[in-house]
Structure formats: C-alpha cells, structure tokens
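Line order of the protein sequences matches chains A and B.
All residue numbers in the first sequence are consecutive under the numbering used here, ending with 218.
All residue numbers in the second sequence are consecutive under the numbering used here, ending with 102.
Hints listed in this document are in silico derivations from the structure and should not be mistaken for laboratory results.
Do not rely on the hints blindly, as some may be mistaken.
Between beta-carbon pairs, the in silico distance windows are [as the list claims (entries may be wrong)]:
(1) B:72 / A:110: 23 to 29 Å
(2) A:11 / B:90: 31 to 37 Å
(3) B:90 / A:114: 42 to 48 Å
(4) B:89 / A:143: 18 to 24 Å
(5) A:90 / B:86: 25 to 31 Å
(6) B:98 / A:11: 54 to 60 Å
(7) B:86 / A:93: 31 to 37 Å
Yeah, the Cβ is synthetic: ideal placement off N, Cα and C, and Gly gets one too.
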Amino acid sequence: MDTRPWLLLPLLLVLGVVLSYAVLSIPDPAQELPTMLTDNMTISGAHNPVSAVLLNFRGYDTLLEMGVLLAALLGVWSLDEMPIYRGSAPDQILDIMSRQLIPVFILVAGYLVWAGADAPGGAFQAGALLGAAGVLLRLCGWRVNNRYSGLPLRVLLVLGLAMFVMVGTGALLIGSEFLRYPPTVASELMLIIESAATLSIGATLAALFLGGRPKGEE
Amino acid sequence: MSNIYLYALLGVGLFILGIYSLIVYANLLRKILAINVMCTGVFLVLVSLASRNHNVQPDTVPHAMVITGIVVAVSATALALILMLKINKAIGKSEFPDKDCE
C-alpha cells in the first residue's frame with residue numbers, strides 16, 4: 001500500500017459529510033405516491049404492493065432489468081468458452097444433501113412465484129433459488145447434456161424477456177399502452193410473466209456461474 | 001423516526017468504506033468487493049428512507065428499485081469477475097502493474 005491514505009482520509013471525510021447532509025436534508029416524501037399506489041391496487045392484479053410496482057406500475061424497470069441480466073450473460077459468453085474443471089466426484093455428504101435439497105429448492109421456488117402475488121416473494125427470489133440449485137448441481141458434477149446446451153438453453157434464457165415483451169406488445173395491440181395490462185386479466189398475465197421470468201433468471205444465474213458459453217456444436 | 005436516519009447514515013458510511021477500499025487496494029477482487037459494499041450502502045439508504053412516511057406502510061417504489069438494483073449488481077459482478085479471471089490468465093495476477101514501481 002504505497003499510496004498515501006492520509007491524503008485520502010480527509011477527502012473521504014468531506015465526501016461523507018456532504019452525503020450525510022444530503023441524506024438528512026432530503027425534502028419530505030411525496031405523500032401522493034403511496035396513496036396513489038393504495039388507491040390503484042385493485043386494478044394492479046396483485047395484492048402485494050411491491051409485486052404490483054415491479055410488474056405493473058413500473059414494468060419498464062423490470063423489463064429492462066431482465067435485459068441487463070441477458071446482456072451480462074452475453075458479455076460473459078462472448079469472452080470465453082466454459083472452462084474445463086477437473087470434475088472430482090463429490091463426497092458422499094454433498095451428494096446426498098444435494099439430492100435432498102434440489103427438489104426442495106424447486107418446490108420453494110414454485111411457492112415463491114405463486115405467493116408473490118399477495119406476499120413478499122416473486123420472480124427474482126424464486127429465480128435466485130433456481131440459480132442456487134443450478135450452482136449446487138454443477139458443483140456436484142452434474143452437467144447439461146450437449147443436446148440441450150444449444151438452442152433449448154438459449155430459448156430458456158430469453159424466455160422471460162420475450163414473454164414480457166410479448167405481453168407488453170399484446171397490450172399495445174388491443175388498444176391500450178405498452179405494458180398496460182387490462183385490469184380483468186392482469187393477475188393472470190403477471191403470473192405468466194413471473195413464471196417465465198423465474199425460469200430465465202434461474203438459468204441465467206446458473207449460466208453466469210459457469211463462466212463461459214457451453215461448448216458444443218454451434 | 002430518528003432510527004430511519006441512523007440506518008441511512010449507516011448506508012452512507014458503507015458507501016464511504018467501499019470508496020476507500022476501491023481507491024486504496026490494487027487487487028481487482030478487492031475492488032469488485034468494494035463496489036458491492038458501495039451498492040449495499042446505496043440500497044440501505046433507499047430502503048431506510050422509504051419508511052419516512054407517517055403512513056402505515058412504507059413507500060414501496062424504493063423497495064422495488066432495490067430489487068432491481070440487486071439483480072443489476074449481481075449481473076455486473078459476474079461480468080466483472082469473468083473479466084478479472086481473463087486478466088489473471090493474461091498477466092498472471094489479478095492486479096494491474098504499477099508503472100512507477102517498474
């Protein structure tokens with residue numbers, strides 16, 4: 001550490017004071033926003049306000065976020081092929097544990113998607129679980145068959161984004177605006193989007209962990 | 001009420017700690033971790049400031065933004081880690097050589 005931290009510390013202190021001042025002197029929150037949210041909950045198709053904001057009122061954010069996930073994966077895949085790990089046989093505890101845990105992970109992920117409509121939960125939490133299941137499987141030496149690592153994997157990866165865009169465009173076509181779902185079917189549409197997004201997020205996270213595009217006939 | 005600002009200031013503190021490590025340490029893994037700590041600080045500020053309303057429930061829009069932010073941070077971290085591995089493979093260590101020390 002040949003830099004001079006004694007020069008740095010006062011600067012950081014000033015930055016900290018400025019940021020703290022900014023945080024403390026933030027103007028009072030807009031009172032209309034939460035009230036507006038509570039008033040419009042009935043048309044959102046969800047009972048959990050966070051889900052309603054994520055998938056309905058600020059659907060654009062979530063749509064672009066799926067895009068960011070996909071872009072990160074494209075970046076990783078464009079850099080390198082999947083490195084070859086010398087797969088050693090997992091020891092017995094890991095082997096048995098993973099066999100017990102993976103079904104539970106999948107079950108809980110399904111529950112989280114379903115519960116996301118009225119309680120904390122939703123596509124991202126469930127997707128993270130599926131991703132963890134994928135990582136665990138990979139650590140146990142399981143790998144995707146070459147047959148599925150080509151087109152089927154890619155379809156799975158873009159499924160969430162594609163479903164989101166299709167539902168949004170569908171809303172546009174029936175005369176409303178992009179991503180403005182008709183209130184009567186909003187909850188069904190959100191469930192479809194969330195299920196597709198869960199699968200995609202899980203697959204993307206697991207694929208990011210692998211650190212490269214799968215080898216195989218392209 | 002003052003609790004909320006305590007948590008928000010804690011977030012600012014985390015952010016500053018992150019910046020400090022980002023500047024001081026040369027190792028790229030430490031820099032990536034530092035950026036993640038900075039992200040956590042920002043999330044803490046957002047989540048704590050969301051409960052400033054005197055209403056029953058906190059403002060959910062910042063909460064949704066934090067979920068979005070977490071996912072973006074995870075994907076950016078994954079990409080950064082792969083880039084770090086590539087650099088490690090290319091020059092044999094995960095930090096850039098300092099020109100003055102050569």
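Results for each hint:
no.: 1; hint: B:72 / A:110: 23 to 29 Å; in the structure: holds, 25 Å
no.: 2; hint: A:11 / B:90: 31 to 37 Å; in the structure: holds, 33 Å
no.: 3; hint: B:90 / A:114: 42 to 48 Å; in the structure: holds, 47 Å
no.: 4; hint: B:89 / A:143: 18 to 24 Å; in the structure: holds, 22 Å
no.: 5; hint: A:90 / B:86: 25 to 31 Å; in the structure: holds, 28 Å
no.: 6; hint: B:98 / A:11: 54 to 60 Å; in the structure: violated, 21 Å
no.: 7; hint: B:86 / A:93: 31 to 37 Å; in the structure: holds, 34 Å
Checked against the numbered hints given earlier, the structure breaks only hint 6 and satisfies all the rest.
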